[in-house]
Amino acid sequence: MSTLHTVNKSPFERSNLQACLGHAQNGDSVLLIEDAVFAAIAGNTFAPKLADAAQDIKLFVLGPDLKARGMDPAKVVDGVNIIDYEGFVDLAAASSTIHSWL
Amino acid sequence: MSTLHTVNKSPFERSNLQACLGHAQNGDSVLLIEDAVFAAIAGNTFAPKLADAAQDIKLFVLGPDLKARGMDPAKVVDGVNIIDYEGFVDLAAASSTIHSWL
Amino acid sequence: MEDDFEAGTVKKFMFVNRKPPYGTVYALEVLEMVLISAAFDQDVHIAFLDDGIYQIKKGQDTKDLGMKNFSPTYRALEGYDIEKLFVERECLEERGLSEDDLLVPVEVISRAEMGKLMAEMDVVLTA
Amino acid sequence: MEDDFEAGTVKKFMFVNRKPPYGTVYALEVLEMVLISAAFDQDVHIAFLDDGIYQIKKGQDTKDLGMKNFSPTYRALEGYDIEKLFVERECLEERGLSEDDLLVPVEVISRAEMGKLMAEMDVVLTA
Amino acid sequence: MKFGILVNEGPYNHQASDSAYRFAKAAIDKGHEIFRVFFYYDGVLNATAHSEPPSDDRNVIKNWQKLAADHKVDLVVCVAAGLRRGIVEASLAPGFRISGLGQLIEAGIQADRMITFGD
Amino acid sequence: MKFGILVNEGPYNHQASDSAYRFAKAAIDKGHEIFRVFFYYDGVLNATAHSEPPSDDRNVIKNWQKLAADHKVDLVVCVAAGLRRGIVEASLAPGFRISGLGQLIEAGIQADRMITFGD
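Chains as they are written, first to last, in this note's numbering: chain A, 3 to 104; chain B, 3 to 104; chain C, 2 to 128; chain D, 2 to 128; chain E, 4 to 122; chain F, 4 to 122.
Source of the hints: derived by calculation from the structure; they are not laboratory data.
Model, not experiment: these values are computed from the prediction.
A portion of the hints provided could be inaccurate.
[What the hints assert, rightly or not] Some, not all, of what chain A presents toward chain E, calculated at C-beta under 7 Å: (1) Phe48; (2) Ala55; (3) Ile84; (4) Glu88; (5) Ala96; (6) Ile100.
Each residue gets a CB set at the ideal place from its N, CA and C atoms; glycine is no exception.
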């Protein structure tokens, strides 16, 4: 079974998204919530790392957190799926372990 | 008159030391306190940036915070001065403005 | 406490915003501080840099989170004569944003200019 | 609440430490959590990575700060049969530290190995 | 499925408690059970009896209390973390209970999934 | 010289309050005056009346109270930030007073130096 990793901080301010991507296994899921959603917007300097990661890892971003911050869903990096809290629960239930990178 | 900048987070986890060094002016003072003291130990990957900065900026590290964390004062990067809380107060009094990078 | 008070004292204040909204409360509570400062007739500057520039991103909608969307308040600052808003160009670029993405008029300046501006301040408040 | 309880349930627990001591309380309160976990006969793992490795740096002396030096407690973990301590090699190197700098015996593993180990856990607790 | 939830931060200053609440609510709406919500570190501050947020914002403490009342969710505050931070019986909001850290480990054992929300 | 101090974080979870206290004490020892310590954001939690830390650790709240008693330091808690977080008159430790944010701006104007401690 796979792990769901959650990350909640901007990659411009903290290292935890980088740390998460450095440890997630092929087939794992990474969900960006709260201030981590900024990473998912195309055109930012971290986006290429996320696009790279999308080849081995399933990437998700929490829609309500994107919307609150005025981030355009149309500009989300290719390969990143937008989900709501119900999708978050489904992901958590479908993964054997949940690792919150704090 | 010059500014005293204080930084309290590790450069491995947060970007605020980098942000501080990017804005401090020649002749300003930068004091590393709390978890920022790790930056001041020779041999870490951030140390070269600190050594560079020491050419234009006066660098200080708070001794009690170094000691609490088991960091050897003998291993502090060249050009970084160790001070105690009294030295901190003197620096603050001698600077026209204090900018805490949070 | 009152003995040193000069009624006409005007200091250069800067509120420095480096953190994004909603993930933490700092952006909101800094804004409350800025509004209060208007009553003191000081020379108020607001700096947005690093993730702080997200505070003034257009299109914020917090309905689904049940949190208060306080971004319209930045538009009200002008009514309080708080008009010196500065945004660091390099931080916009790093995030793939441009001045058009911002919901209030600001002066976009370089990192070097921001550093010089900060050096002119008397009081710098950060969160 | 008791109906699903199986007396013999043993899960793989991992306490992940990424934050340094004293600047925040997380290191201390994670350690309190680890000590309590010993009473539940679970398969307990402690991971130190990123700035978390500073938690087990030798020579901590908090006298001048008036804070409690809790680092000796890591040495006591063995007495609670908590012996699976892992440190990530790359994080040591990035900080100019080596295994000799650590105050307890640990297994130093690579980032790739740490990732694989994390993937085997049932419960991961972080702070 | 049974979820255990750990909340590491207090109300308002961080979104962690809001995120945990929305996750718990969505899980219940989908028919899952919340085995326990454990409040640790500054998370214990979610149980203060004295919070009075502005009327135009959400009430984080009341959200938790209503969830507990409507769905019998077990809201547990760590006694040791609470003592440090001034959350004791005298300052505890109804709907929360104070207990030991063992309740967190037990949640980790008994819940099918354990999830943490923090800073 | 007159110092104003802003404390942004609560006790124990972050070192900010400890650092601010040690700075204030050192300033007083050197003959300076602390014009005011203002507690904002989670900093208001330093004024809780209910904190009972372990006996082998420092007592952050008592440190501030003693400083106020010994040196007449003005410890001011922001009313609005306190209401959000449950620091109100009923939960306020002696030695602190609750007032408005204007007290912080006034400190910025009247103190010779203003310094912030936070996360």
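Comparing the hints with the structure gives:
1. For A/Phe48, the interface hint is violated, since its Cβ never comes within 7 Å of a Cβ in chain E; the closest pair sits about 20 Å apart.
2. Hint status for A/Ala55 relative to chain E: violated, with the closest Cβ pair at about 21 Å, above 7 Å.
3. The beta carbon of A/Ile84 comes no nearer than 15 Å to any beta carbon in chain E, farther than 7 Å, and the hint placing it at the interface is violated.
4. Interface hint at A/Glu88: satisfied, since its Cβ lies 5 Å from the closest Cβ of chain E, which is below the 7 Å cut-off.
5. Annotation: A/Ala96 was flagged as interfacial toward chain E, and the flag is violated, the nearest CB pair being 10 Å apart, outside 7 Å.
6. The beta carbon of A/Ile100 comes within 5 Å of a beta carbon in chain E, closer than 7 Å, and the hint placing it at the interface holds.
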